[in-house]
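All chains should be modelled from the sequences, with the hints used to inform the complete structure.
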Amino acid sequence: MIPLELNILLASTMFTIGLYGLVTQRNGVKLMMCIELLLNSANINLVAFSAYLPNVNGQVFALFSIALAAAEAGVGFAILIALYRLYGTIDLDNINAMRW
Amino acid sequence: MYADYAYLIVGLPVLAFVLCLFVGWHLPRGGGFLTALATFGGLIISLGIFTEIYPDKIIHQSMPWFANFNVGILIDPLALVMLLMVTFVVTLIHTYANGYMNGDPGAARYFAEAALFTASMLGLIYSDNLLQLFIFWELVGLCSYLLIGFWYRKPSAAAAAKKAFLTTRVGDVFFLAAIILLYNNLASLNLALNTGEYLLQFPVIYAHLAQIPPAQLTLIALGLLGGAVGKSGQFPLHVWLPDAMEGPTTVSAMIHAATMVTAGVYLVARMFPLFYAAPHGLTAVAAVGAFTALFAATMGLTSFDIKRVLAFSTVSQLGFMMAGLGIGAAVGTMAVGVAMFHLIGHSFFKALLFLGAGSVIHAVNTNDMREMGGVGKYMKWTMYTMLIGSLSLAGFPFFTGFFSKDEIIVIAYEYGVLINFLPYIFLVLAAVLTAIYTFRMWFSVFTGKERSNYGKHESPMIMIGPLVILAVFAFGFGLAAQGSFYSYLDTNFEHYDVNFEELGVIGGHVLEGEHGAEGAAEGEQSTAAEAEGGAEEAHGEPWYIQILPIIIAIGGILTAGLFYWDKIKKFDPSQVTGDKDPIRKMLLKGYYQHEILTGWFAEGVVYGTALICNTIDIKLVDGWLNWLSAWVMGFAQNIRKVQSGVVQNYVTALVLGIVVLVVVISLAKEVGLA
Chain A
1 MIPLELNILL
11 ASTMFTIGLY
21 GLVTQRNGVK
31 LMMCIELLLN
41 SANINLVAFS
51 AYLPNVNGQV
61 FALFSIALAA
71 AEAGVGFAIL
81 IALYRLYGTI
91 DLDNINAMRW
Chain B
1001 MYADYAYLIV
1011 GLPVLAFVLC
1021 LFVGWHLPRG
1031 GGFLTALATF
1041 GGLIISLGIF
1051 TEIYPDKIIH
1061 QSMPWFANFN
1071 VGILIDPLAL
1081 VMLLMVTFVV
1091 TLIHTYANGY
1101 MNGDPGAARY
1111 FAEAALFTAS
1121 MLGLIYSDNL
1131 LQLFIFWELV
1141 GLCSYLLIGF
1151 WYRKPSAAAA
1161 AKKAFLTTRV
1171 GDVFFLAAII
1181 LLYNNLASLN
1191 LALNTGEYLL
1201 QFPVIYAHLA
1211 QIPPAQLTLI
1221 ALGLLGGAVG
1231 KSGQFPLHVW
1241 LPDAMEGPTT
1251 VSAMIHAATM
1261 VTAGVYLVAR
1271 MFPLFYAAPH
1281 GLTAVAAVGA
1291 FTALFAATMG
1301 LTSFDIKRVL
1311 AFSTVSQLGF
1321 MMAGLGIGAA
1331 VGTMAVGVAM
1341 FHLIGHSFFK
1351 ALLFLGAGSV
1361 IHAVNTNDMR
1371 EMGGVGKYMK
1381 WTMYTMLIGS
1391 LSLAGFPFFT
1401 GFFSKDEIIV
1411 IAYEYGVLIN
1421 FLPYIFLVLA
1431 AVLTAIYTFR
1441 MWFSVFTGKE
1451 RSNYGKHESP
1461 MIMIGPLVIL
1471 AVFAFGFGLA
1481 AQGSFYSYLD
1491 TNFEHYDVNF
1501 EELGVIGGHV
1511 LEGEHGAEGA
1521 AEGEQSTAAE
1531 AEGGAEEAHG
1541 EPWYIQILPI
1551 IIAIGGILTA
1561 GLFYWDKIKK
1571 FDPSQVTGDK
1581 DPIRKMLLKG
1591 YYQHEILTGW
1601 FAEGVVYGTA
1611 LICNTIDIKL
1621 VDGWLNWLSA
1631 WVMGFAQNIR
1641 KVQSGVVQNY
1651 VTALVLGIVV
1661 LVVVISLAKE
1671 VGLA
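Chains as they are written, first to last, in our numbering: chain A, 1 to 100; chain B, 1001 to 1674.
Since the hints were derived computationally from the structure, they do not count as laboratory data. Each hint should be verified, as a subset may be incorrect.
Claimed, not checked - SDA-like, lysine to any residue: derived pairs with alpha carbons at most 25 Å apart: (1) B:K1669 to A:I8; (2) B:K1641 to A:I90; (3) B:K1456 to B:D1305.
Written out as structure tokens, the structure is:
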């Protein structure tokens, strides 16, 4: 069995990569991918602790989370398409109408 | 039986007010006959009450109102003579107004306001407590405002109305303060009142005067005097009365000569025991009155407006009445009778003079005496009735004014012997001037050449009738009523629980005996004789004091004749411009009081102060608030830039926030805080 530490290390790495992408990237699609990374790092944690305890609740929550991530991705891409039609770009630096 | 209908004396004019106000313009002459009839009804009831209670009863009806106050009717000799005079004179004036106001588009409004005025004045007279009196007092002031500004499209009339309202309001503030002070003092005595007795009722006030501290009494007396000074046009609040002539002449006759302006004198007479008990109270009254009498008479000498001459004359005569009351310090309650007698007589001949002036103005269509002259040829009735009024005002022997005014001068002499001769000197000089300015007016209006092309016709009979009736009274009232009037008025305060000897000690009046045994003996003797209402109360004076008023009157008339009667001397008043001679100019300008009060005080001091206050308000009070809000706005302008609209920035801030939180919490755990 893979040790818990390695799982957590993997999850942490994924989270950090996602966070880094979220802060530095300008492209809307890349941002969506980074958010998926964040969600999935959390899922890995849930599954890893579920196997470690052992308690099946974590795996159930991971399933919920995957379903929610799918819905979130659907809504997110729909917004990005709408933005593209409106502005002709999905570079978020140019889409700053909701500011002061 | 009539006493049961006493409330109708006010009720009928109120009814007439409502009718004229709402349906007046559907009625002929604006419903003026309703107002006249309502007042006449009041006269009938007053006469009925007179037959019932004369000579030794009073009527006192009262019902609770709220808290410690009541509404009530008190008809004692003082109130009764006022009721009779007001209803009688005002009935005649309303009748006359039916002719005078005929054709005026605002006639209905005029008669409604006149009816309301009548009701308020009558209510003021027979109020049985100070609060009720004050309410009617203010109503009377309101009606005065409305009627002076009757021709409100004329800017001068609107300004005069405002001036009258504001000036009298100055006095009313003092009056209200006096009422509050009196109430507090009476309330602090914790009196055990019988049922039906209330703190501000006159009988209750009279009965407990001796228990109020003398210093408080003086304050109250000065406050009441302030109210009276405002309402009766005494110095220094007389400025509104000459300007009040902007209203219709009937208003001048009704409000500013015969009735309303006497309210101040009536108030002092009504509260006479309080003034008597208050140290220096009556002295202040006498000083104000005597000074005003002379002061206003000098201004009456130079005015060219016939109504303004009469207005100054009114101010002067009211001064006589005030002085008469103030002289009560030397002669006791008898002063009330003397002052009231002049009040009643004055209202007859002054109403007559004003209505006569109105008749002249109605025909000639100007107020300026320089454009009149020779009017007597065309207006015989007006001329002779006004002659009677003028003779009466000048104090010609056996006319009403002779008995009333000169009685004041004679008791002023007694006051002089006992206390101080100044009021006597002032009043004598004022009496000389009275005779002069009255006949200056009469001669320059009715005799001489016609100085302009004016309307030459006599006024209609509805206007002449009241003139004739008033002329009869202006001539005969003094002769007929003198003795019985004094003896009746002297009984006024005997109906109440009031001890004048005790009050005199508080007021410091018995100390006058120390001036000299002779003077004191004479004073007491005459006071005793007067208290009995004897006709020979003046026995203490040398013969020349009693003759002097006659000389004054005839001498004054002759002096006026010398200058203004063309049969004696050629003199054309139209030549006088009044700008050359400094004294004449000063008198014409009313001692520059307008310049001082309006120009210097109002526009300089008050307006300047207001400007400074305005600046402080804007710069300081509003200023720091505006500065604070501007600062908050500017701060927000700067920090709202944080909302950049770029998602990455929000994420960065979020992450940084979490990091900071984590660091803080771990540090806290590290040192053991959490």
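Hint consistency between K1641 (chain B) and I90 (chain A) [alpha-carbon to alpha-carbon, up to 25 Å]: Within the cut-off at roughly 23 Å; holds.
Is the Cα-Cα distance between K1456 (chain B) and D1305 (chain B) 25 Å or less? Holds, at about 19 Å.
Taking only the CA atoms, is the gap from K1669 (chain B) to I8 (chain A) under or equal to 25 Å? holds, 24 Å
Hint compliance for this structure: every hint is met.
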